[in-house]
Amino acid sequence: MKKNIVAMIMLLIIGLGLMSVVGEMPTFGERRFFSEEEMYDRYLQQGPEETGSINIVSAIITDYRAFDTLGETTVLFATVAAIYGTLLAAINKDGDD
Amino acid sequence: MNLTNIMANFYYVAAIIFFLIGLYIMLTHPNLIKKVIGMNIIDSSIFLFFVSVGYIEGGKSPIIENPSPLTEFVNPLPSGLMLTGIVVSVSITAFALALIIRIYQEYGTINVEEIVKIRSEEE
Amino acid sequence: MKFEDDIVNTVTRIILPFITLFGLYLIIHVHLSPGGGFSGGTVVGAGFVLFSLSFGISIQEKKLSHRTSALLESYGGLWYVLLGFVALFYGYNFLTNDPVFGLGQSGSLFSSGLVILVNIGLGVKVASTIITLFDSLGGEEL
Amino acid sequence: MIELFNFILLIILIIVVIVVAQIRDLLSAVILFTVFNLILSLLWQQMRAPDVAITEAALGAGVTAVLLVATISKTRRQER
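Chains as they are written, first to last, in our numbering: chain A, 1 to 97; chain B, 1 to 123; chain C, 1 to 142; chain D, 1 to 80.
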């Protein structure tokens, strides 16, 4: 029970810090602050001509940032390899005993 | 700290609340599967924060059927980044669950306190 | 993991082609509508997971063996890298789209060369990853 | 109107997360976590991000829940 109270106090401090950051952030849904940037205009104005895809999100993840997605497929491959290593090592060890 | 600004940004406040509750689950519950669920809740809070940053009032989803300069679209960049993040979070969850199954085969429990007790008795 | 129930088996038999068709639709129409390699591949993999939940993993092994699934996953990643190397032979950067692959008419089904080719490989890879994850985490022998 | 709908969805999400934190049965926690992800995908459709909504409904709600249930079936159901 003592552990819960200590965790609550700690989380309260973290929450107050994050909440002060939210107080300084621009209003939700406003165009001016986050979205009037070069990449937004470039993607939305020249995306269909440059990639031929009218769905801009898939144009971003497989054309503009295709190298990023290549790294992500590597993550998937590493996950499957790690799970095989973790679970099959147990079977081989049991077979030896 | 601006109070009216906080009231207008209730999406960010909800993301912070999810983050804190997920962190609370990870800190206080001794069960490993409950810790994995808490980690997933923290991931979802980060996704909620990023996607709500990209939203624009009155914007359409970024699929350009007829190009015209008058139509407003939401920012497609946070959506693409979070699409990557969801897949990575599922990968991390799967690997953590494989480790949990291995721990259960080794110790017969998935409670952290019992595992610590068993390990201290072994030494 | 097997769940023997007539209702579940019948509903699975009816609904499984539509799930797979929807996943393939999401993969093929990546440049026209929401979706893509990740979500479409996940839907196809979830259809296989539903099949193995209702009929048993051993019957699903006959349809798609472990070895085939592992090969599909490896060749999905290899297909991605090979598509990147095609641009190098023409003298452009790695994973270049525009002059190497034809773009076609924007808005039609056969357009946006690299995007749709990459997404087909991604869909195959993600689907086999989901099947492999479920088989290794939920299989009886482990 | 849409703002009110999103606000109600966020309130439901917070209640579901608090129940997930309090409940002792692991299977119920996993099912409530699936509900959490489905409502979250509804919220992302409201925020005009349909790609993320489809991916979350398939990966976050479907596959994660299946993997968690598979793990619970191999280990212990009650949290002690």
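These are computed hints drawn from the structure, not numbers from a lab.
Please read these numbers as outputs of a predicted model, since none were measured by experiment.
Hints may be right or wrong, so weigh each one.
[Stated by the list, open to error] Interface residues of chain B toward chain D, partial, derived using beta-carbon atoms under 7 Å: (1) Ile-17; (2) Ile-25; (3) Gly-85; (4) Ile-86; (5) Val-88; (6) Gly-108; (7) Ile-110.
Positions of the beta carbon are idealized from the N, C-alpha and C atoms, including for glycine.
Here is what the structure says about each hint:
For Ile-17 (chain B), the interface hint holds, since its Cβ comes within 7 Å of a Cβ in chain D; the closest pair sits about 6 Å apart. Given the 7 Å rule on beta carbons, the hint for Ile-25 (chain B) holds: about 5 Å separates it from the nearest Cβ of chain D. Hint on Gly-85 (chain B) is violated. Least Cβ distance to chain D is approximately 9 Å, over the 7 Å limit. The restraint placing Ile-86 (chain B) at the interface with chain D holds, with a minimum CB-CB distance near 5 Å, inside the 7 Å limit.
A least Cβ separation of about 11 Å between Val-88 (chain B) and chain D goes past the 7 Å threshold, and the interface hint is therefore violated. About 9 Å separates the beta-carbon of Gly-108 (chain B) from the nearest beta-carbon of chain D, more than 7 Å, and the hint is not met. A cut of 7 Å between beta carbons decides the hint on Ile-110 (chain B): the least distance to chain D is about 5 Å, and the hint holds.
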